[in-house]
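Chains as they are written, first to last, in my numbering: chain Y, 734 to 925; chain L, -15 to 214.
One or more hints might be untrue.
[Said to hold, decoys possible] Simulated crosslink set (SDA-like; lysine to any residue; CA at most 25 Å straight-line):
hint : chain 1 : residue 1 : chain 2 : residue 2
1    : L       : 188       : Y       : 832
2    : L       : 116       : Y       : 838
3    : Y       : 794       : Y       : 838
4    : L       : 81        : Y       : 899
5    : L       : 187       : Y       : 802
6    : Y       : 870       : Y       : 832
Simulated from the structure, these hints should not be mistaken for lab results.
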Amino acid sequence: MTRASFILRGALATGAVYGATAVAPFVSQALAATGGGDAEILNFALTLEYLESDFYTVKGKQVGLSGQAKSYATLFGAEEEAHVSALTAAIKQLGGTPVAKPTFVFPTTNESSFLALASVLENTGVGAYNGAGPSLKSKAVLASAGSIVQTEARHAAAIDLLIGQSPTPNQGFDRPLTKAEVLAKAGPLIKA
Amino acid sequence: MSNPPSEQSAPQPAGIVERLVRDDVDRKRFLRMAGSAGAASFGAFVLAACGSSSKTASTPATTAAVSTTSSSGAGGDLAILNYALTLEYLETEFYGKVVASGFFTGKVGSLIKDFGSQEMTHVEALKGAVEKLGGTPAAKPEGKFPITSATQVAMLAYTVENLGASAYLGQAPYIQNAEVLASALAIHSVEARHAATLGTLVKKSVTPDGAFAVPADMSTVLAAVKPFLA
């Protein structure tokens, strides 16, 4: 046993919270998440990806970013666009009809407010995918959603570090979000 | 094409993954049971959709979506959980040694401590999940990690976290129990956050796989961790 003392302290602190019932709080969240079939769930995800993609590629340019913020917006914007393409194709493959790209309105006017909103969007995206994951019927779709959510989590951490926030806002376990919780964050940004 | 997990090979009582690394017969049996995840499990549609624009498309996994007909019970999930538990034990021990090394102070040191604590909570959660499913948690393996300099350790941590994230991603489609899946997803994205954070520290990409993170199968991961088992 060569654990550092912080781990022992951590174990004492978390022992009451985790352990045998550790999974319970997440599950009730996740399972209550999104109803509907896989295509419907993916259309919800597609809306979020459209939102993120538009935010980085269009709003990012309008705001006028510099340095690391600009680099991230360029890189992450391209990756969100790839998610849009993948989800569109997946929905068609499932026999569904991909939603049209909505019009968005982003209340940011400078780099600082842009990055603050980026953090909200990315962290909401992580919670949305994690919440929907257990509801997906197709294991292939689940594998792809997992691949995407890992990227969203990486974006979230990078943005949070850049603005001096914790890269792990939910500590050891990212909290899955329900559809209603996601809409509360993203809904006001969707104009039509 | 991967085989769905089967009932025939119940998980070993303890220390399973540690043994698997050394015991080729057991390992093959285990891998057959848990399914050969990784590249083959990746949704074909993503490969189709992203074309040659991402690294994902260059993986040899142009085939085979995951089987949706798998109907194994808790046996497969227990094996996956004990596999994850073994990896989390190693990560926890690694961070403990990194913290003890004193190479990192200030803001970075604080992040490293946080990550170590979070890995420890993963260990506790996974042990709890194994017990909840009626299984026996894997024994803690004894690790050995080269700790020589801040730069080397940070790079190793980046590698380890990327491996951990890809390991969870590789198993997700094989998890049968929705509660277990929800928990694995909750952990998976945290490993991704760790990996990205360390990426900024060592000035490597925060998204080394591009838009689509690439899963790793169990044999790849076990081979990669083997040097870190004492």
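Hint check results:
Restraint check: the Cα-Cα separation between residue 188(L) and residue 832(Y) comes to about 35 Å, which exceeds 25 Å; the hinted pair is violated. Restraint check for residue 116(L) and residue 838(Y): the C-alpha separation of about 46 Å exceeds 25 Å, so the hint is violated. Taking the CA atoms of residue 794(Y) and residue 838(Y), the gap is about 14 Å. The hint holds against a cut of 25 Å. With a C-alpha separation of about 22 Å, the suggested pairing of residue 81(L) with residue 899(Y) holds against the 25 Å cut-off.
Our distance criterion of 25 Å between C-alpha atoms is met by residue 187(L) and residue 802(Y), whose separation comes to about 15 Å. Restraint check: the Cα-Cα separation between residue 870(Y) and residue 832(Y) comes to about 20 Å, which is no more than 25 Å; the hinted pair holds.
In the structure shown, a violation is registered for the earlier hints numbered 1, 2, in ascending order.
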